[in-house]
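Chemist: In case you want the letters, here they are:
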Amino acid sequence: MPKHIKSTKEKIGMAPGTLIHVGERLSEDVKINLIKYTVDSFTTEILNDFSSIEYSPSETSISWLNVDGLHDIKLIEQLGNKFNIHPLTLEDVLNTTQRPKVDFDDNYIFVVLKMLYYNDELREIHSEQVSLIIFKKYLFSFQEFEGDVFGDLRKRLQQNKSNIRSKGTDYLAYSLLDSIIDSYFDILENIGNNVDEVEDKLLSNPDKAIMPEIYNLKREMILLRNSVWPLREILGSLIKSDNLIVEDKTLMYLRDIYDHTIQVMDIIETYRDILSGMLDTYLSSISNKTNDVMKVLTIFSTIFIPLTFLAGIYGMNFDYMPELRLKYGYIMFWVITLITIIFMINYFKRKKWF
Amino acid sequence: MPKHIKSTKEKIGMAPGTLIHVGERLSEDVKINLIKYTVDSFTTEILNDFSSIEYSPSETSISWLNVDGLHDIKLIEQLGNKFNIHPLTLEDVLNTTQRPKVDFDDNYIFVVLKMLYYNDELREIHSEQVSLIIFKKYLFSFQEFEGDVFGDLRKRLQQNKSNIRSKGTDYLAYSLLDSIIDSYFDILENIGNNVDEVEDKLLSNPDKAIMPEIYNLKREMILLRNSVWPLREILGSLIKSDNLIVEDKTLMYLRDIYDHTIQVMDIIETYRDILSGMLDTYLSSISNKTNDVMKVLTIFSTIFIPLTFLAGIYGMNFDYMPELRLKYGYIMFWVITLITIIFMINYFKRKKWF
Amino acid sequence: MPKHIKSTKEKIGMAPGTLIHVGERLSEDVKINLIKYTVDSFTTEILNDFSSIEYSPSETSISWLNVDGLHDIKLIEQLGNKFNIHPLTLEDVLNTTQRPKVDFDDNYIFVVLKMLYYNDELREIHSEQVSLIIFKKYLFSFQEFEGDVFGDLRKRLQQNKSNIRSKGTDYLAYSLLDSIIDSYFDILENIGNNVDEVEDKLLSNPDKAIMPEIYNLKREMILLRNSVWPLREILGSLIKSDNLIVEDKTLMYLRDIYDHTIQVMDIIETYRDILSGMLDTYLSSISNKTNDVMKVLTIFSTIFIPLTFLAGIYGMNFDYMPELRLKYGYIMFWVITLITIIFMINYFKRKKWF
Amino acid sequence: MPKHIKSTKEKIGMAPGTLIHVGERLSEDVKINLIKYTVDSFTTEILNDFSSIEYSPSETSISWLNVDGLHDIKLIEQLGNKFNIHPLTLEDVLNTTQRPKVDFDDNYIFVVLKMLYYNDELREIHSEQVSLIIFKKYLFSFQEFEGDVFGDLRKRLQQNKSNIRSKGTDYLAYSLLDSIIDSYFDILENIGNNVDEVEDKLLSNPDKAIMPEIYNLKREMILLRNSVWPLREILGSLIKSDNLIVEDKTLMYLRDIYDHTIQVMDIIETYRDILSGMLDTYLSSISNKTNDVMKVLTIFSTIFIPLTFLAGIYGMNFDYMPELRLKYGYIMFWVITLITIIFMINYFKRKKWF
Amino acid sequence: MPKHIKSTKEKIGMAPGTLIHVGERLSEDVKINLIKYTVDSFTTEILNDFSSIEYSPSETSISWLNVDGLHDIKLIEQLGNKFNIHPLTLEDVLNTTQRPKVDFDDNYIFVVLKMLYYNDELREIHSEQVSLIIFKKYLFSFQEFEGDVFGDLRKRLQQNKSNIRSKGTDYLAYSLLDSIIDSYFDILENIGNNVDEVEDKLLSNPDKAIMPEIYNLKREMILLRNSVWPLREILGSLIKSDNLIVEDKTLMYLRDIYDHTIQVMDIIETYRDILSGMLDTYLSSISNKTNDVMKVLTIFSTIFIPLTFLAGIYGMNFDYMPELRLKYGYIMFWVITLITIIFMINYFKRKKWF
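Going line by line, the protein sequences match chains H, X, Z, L and S.
Residue numbers for the first sequence follow our numbering, beginning at 26 and rising by one.
Residue numbers for the second sequence follow our numbering, beginning at 26 and rising by one.
Residue numbers for the third sequence follow our numbering, beginning at 26 and rising by one.
Residue numbers for the fourth sequence follow our numbering, beginning at 26 and rising by one.
Residue numbers for the fifth sequence follow our numbering, beginning at 26 and rising by one.
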């Protein structure tokens, strides 16, 4: 789906670390949602910029700043200066064509991944880039558009379910990753239903409309795989890396979503195998149909072409044609005709053409 | 087979470790079967819950608790509290869509795998998740439904065959894994018979019904592979891991079923290769059939179409057509006709169309 | 070739290490052939059982005991007790569906592999399991049936060629492996001749009979690969393992047959690639044939169908048809007919249909 | 695209390190462009040869010498002598058929890679070899022809954007690599547009012209992959190598373009998968078209061939044919004809051939 | 190309290290060419056997002994005894079906590889085995036939180009390998030209003769790959091995030809990909041709079959057929005929069948 591979053309020759937003530009305001919590407290706030936020290493409460919209470059620069974030990191936040990846800095971990939505009408997967910058006490998440899969997580934070507020930004980051990866299963279920549908059609009544559907599903699987495949590496790096932000007790949780990622990959590969099988089945069904059409033509032709020849003979105008004068000539003709037809039908029946 | 990929949709956004049963819910009661044995003793008991079971590190007898049915979440919670099992482990026990895996905790080893049944009528593999939580003296096994492949193992325990009661939970766990992997061979034999059947049809009389059968067998192989493939890793981890539960003398047994797993994978790959070859053969047989049908049509047409034209000529009503007036005109016509037919038949014979 | 994947069904639920013969049961007696030699002596003897054999670590002569037939379980048990062989090893000796493998025990090395025979008439590879139990001074080889590829080796032992009697059981084992792997080249040559034959047919006169032949050859390659592939690992393990039985000076010989195994794999993969190419060629030849048949039909039809229509016109009985009254009407008809035929033939010649 | 694989024929048997230019020979002069800068200064100069350049280890300013044209071997030899460059390195600079690679010498790093241009009219990728010899204070870049993708980089150097002049040759080399890899995205976008175009045609109106287009795009992807694939290794070596030229703070930048390279590979593989899918779709569309053509033929033939036979019957000249004498004979004939036509049309409608 | 896989049948059962020549036996004499040189001296001599050669560790000049012809086993034995060469090495020298490989002995390095020639008329690659036994001061090269690619190397030795005589046997061995690998590029260029030719035919006028050509090229690529692929390992081992013969300063040269080998593999894989694409294109071209043939047939049939039916109607002899009596009946018939033809042609034009 070349349409989904966005260009970074406008960037060629620019200095690395030059901040430029690559992606759809929107006129709406950028929204910053701050959730600040400790075990005992929980506050939520909408900010216009980062002016009220200060990096403080001795901070005790956890702050989650979610940014919807990436077109306000000044805001990102402001953040970069305040939190001493590497220009390449900021560049990657803004470049929404980034491949999912993880980078480790001295003070923070930077994660890029894809949030996916399935448009059931268009039967298309839509992808939105999510970047996380994880400090010990601050977590910044950047999304291209409003709307995400984190609603339940916000509720759990508010209600402090499973004592989530007693845990650090590493657990919060894990929860965000978990929500995103869980949503992949949702998409796979939707696609699975479409695969089921196409399979049913294929086995009952395969027609021309099936090929583009198989093609489409295959393409969606390719795109999905591209988004999911790098996650293995990312989670592997997070688990193996020796950094101060991810605590040991969080590792088990990361391993858990690592397993989920493997499972997503397994399902994707399974669907790809099944779609390949469906393609083979479809191609063989076309060949069989051509075969059937040919048989109908051949049966009719081989029965009637010789008979038409016979009729043609007795339509000739030779002066001397003794059969034409016979009393039972015409009846004989019919007898021969019928015998021929019966013989041919038997022949084709034996050949199992019916 | 998308129908077999169960959704975890209801879980999105939930806190990790939230216990929720994902799978078919049944109204039957959950059954707990306790087998407790030492070298000298063997008792078996049906329990309603885990209230009579207490974790005791100095316990000398081995307890195997088999749970049939996973819909009673309270029971699982009760167990979790008593044996200090990590919430993520309990979550995985209940989520029957889990990919086979192994997790090592301080006190126990957690193994998830698939028990497979072959429904010969539907020609479908049915899968049931089995989870094992292996403590030093306790082994918990969880199944979705009643009925399993452990009948012979229970007998061997009762009769203390090969001195099985003198061995630990690691050997018991090995015996369970061994029973399950042995049953895979059984399934492969069933599928192998179907492959044989389809192959015989294919080589003797390939018809349209073969394609869906090949497709089905391919799909079953994909599903089977998905269940078996992760077993290699699981057994590899068990063999390599340095833990207190698996004793050295059990390693040789684990290596043995590791070899069996490799063998199962080999057979699956062999069948996949064979099925690919069958597909090619089938597709070439359709093409050959079309070819044959075409030949019949062409032979009839090329013989009779020119002759019909000839008959048509002498059916014309031109005033001046000298041949019509000839005494032997009609006989000449037949002579030409027969020569043409003989010539054509020879021509096709030389072309090896008969 | 599912027929070749033997079931281990009867074993499900049995205790591991239970001795049961899996394979074809024969009524003939089991034959034990003992060859005992030192540099200076060579004796050969037929035994009925192992009662006269005693394990003695200080033994100086080398004993090679070759067992033909595996259905006498008592014999195997007797041996197991005398030489302290692990039950799992004995189980593997009897289970002739074993995947080739190597196991290292404290006192012996256990090797399973396949001896292959090519039945040129049926064009089928037959496989027989050979197991070797290699002690420092004793080597046990087990075969399913009488007859093997070790005849020349026995002669060399008797004649002490290349001073073979001065070497240990490791060198003897190497010689056995070498004989078996050399025989694979023989089989590959036979198959290669068949591939040549099919290729010649394919390029000169491809007909329907070729497809099953290609399919068969492919299946044989799959089976052959299954037998040979594990050998790489086995030899790799033997070379790398640090054990007391394989001496350093034998390693070079093992590396030599390791290279041969790689070469066998290379040839197998080459044949598989060539067979794939032959399949493509065959499929394209069917398509070309259909094309040719279609061209014959089309040439005849497009020439004669319009002419038949023309003849039909002048066979009509309209009262007023001026052409019929013309003196040269009939001749005109023939002129038009011949011009049409010449034009059409030219047209098809330009299209290169002839 | 064999045309793109240039021969090194003229080199066989020559001593390694013999300087000979392999590639297109041009009559134009070789141009040397020297850019010399420190944080505070920037000078640019056109040189005729390297006589004015001297290697000085204590040099403080950075010199970038870009050479356009490789046919002046003396110049290269002069450089080799002055800077003590290994003959094999010089040989590789001149051999423009080199596979991208990196070599580490004591004093310099040698990198070969491909600069690619997309000719949108010919829909062809053109490739030009770029070699970099990176000393601590000098960087030599060699191109086959004038014109490159470094224009923006030169501007940034002149304007000292992002303080680029304060960094070493390692950062300069990184900037050159970055420019080249960025240009790959540009090419991928162009190809992506072509893929889109072909896809649109394929889904709306697939005709014969599509196959060569798919074939062409596939070939371009193969060539592109060949140029990009070795870059991973090169960048990996640069990042991992422990040398004095690449400073630690540059590693992050190299990792960044390493990520870009992976992304380019991902996109290439995605396109290859999509092109495979398009091929399948195209092949199925031909089969469907043949099917449709066959249906038209069969419908017409099966309707009219029997009717023509019927008409033929009543064109016979038997003396005794009672139907011909019937008053309503002719009308009956039409009734039968119409009933037959209606019946056949219904039959084909039910078969969904319309 | 099974014809190229030579059997080692005659060897089964022989003792390892038995010297037997496997390959084409020639009646010509074996030729030994001795080139002996130091920096200052160069002598060349033809020997009949090795009697005048003595192994002397303190030797200062370098001796290169090239043996053309392998059928004189005594000569090889003589050499083996004099230089203390392992029997397995001698066996491998004589067995010309050896897979390319490297072996390290205490005193020498043994390398086997293939020298390839391209017969442009037969479009076949011919392969000749070359073995090198490299001592510190002696290098033995064995070829099956006279004639090789080392002519230029001999000249360089004589003229002491690039001071080649001052270097050791390792550099001489490198030069031999370099000559051989350079000649692979030559072969690839020849094959590349054939690929170009077939591609041009394919895109301009694909006919049946193309398929065997593609098949042939594919087979040549398979054989070429088999010869080249093991070279990577060989060179890798030579570079990594810690032996006394290969000096550090030669490593850079070995790395250089290692890179060339990778490049050869790259080109081979590229051609294989291109040939696959050509196969797809060819298959689609057959389908398109069949389609075109079908269209011609269908156009003619659907136009003339209904019209023939119409003519048949008015050729009927019913007593009462009013149209026949009409004055303009015949003209009406022609009007209807022409309208039908025009309508059909329009219909097919709209369907884009022309």
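Careful: at least some of the hints might be erroneous.
To be verified - Simulated crosslink set (DSBU-like; lysine-lysine; CA at most 35 Å straight-line):
#1 H:Lys107 <-> H:Lys162
#2 S:Lys233 <-> S:Lys314
#3 S:Lys233 <-> Z:Lys186
#4 X:Lys56 <-> H:Lys186
#5 X:Lys126 <-> H:Lys265
#6 Z:Lys376 <-> S:Lys56
#7 S:Lys374 <-> L:Lys376
#8 Z:Lys352 <-> Z:Lys265
#9 L:Lys192 <-> H:Lys265
#10 L:Lys274 <-> H:Lys107
Quick caveat, the hints were computed from the structure, so don't treat them as lab data.
Chemist: Hints first: check each against the structure and report whether it holds.
Modeler: The hints, checked one at a time:
Under the criterion of a C-alpha separation no larger than 35 Å, the hint pairing Lys107 (chain H) with Lys162 (chain H) is consistent with the structure, at around 15 Å. Distance hint between Lys233 (chain S) and Lys314 (chain S) is fulfilled; the C-alpha atoms sit about 12 Å from each other, no more than 35 Å. A hinted pair counts as satisfied when its Cα atoms are at most 35 Å apart, and Lys233 (chain S) with Lys186 (chain Z) does not qualify at roughly 58 Å. At most 35 Å may separate the alpha-carbon atoms for a hinted pair to count; Lys56 (chain X) and Lys186 (chain H) meet this at roughly 31 Å.
A threshold of 35 Å between alpha carbons decides the hint, and for Lys126 (chain X) with Lys265 (chain H) the separation of about 19 Å falls inside it, so the pair holds. Distance restraint check for Lys376 (chain Z) and Lys56 (chain S): the Cα-Cα separation of roughly 59 Å exceeds the 35 Å cut-off, and the hinted pair is therefore not satisfied. Between Lys374 (chain S) and Lys376 (chain L) the CA atoms are separated by roughly 26 Å; this keeps the pair inside 35 Å, and the hint holds. Between Lys352 (chain Z) and Lys265 (chain Z), the direct Cα distance comes to roughly 103 Å. Violation of the 35 Å bound is thereby established for this hinted pair.
A C-alpha spacing of about 33 Å is found between Lys192 (chain L) and Lys265 (chain H), which places the hinted pair at or below 35 Å, so the restraint holds. Between Lys274 (chain L) and Lys107 (chain H), the direct Cα distance comes to roughly 21 Å. Compliance with the 35 Å bound is thereby established for this hinted pair.
Checked against the numbered hints above, the structure breaks hints 3, 6, 8 and satisfies the rest.
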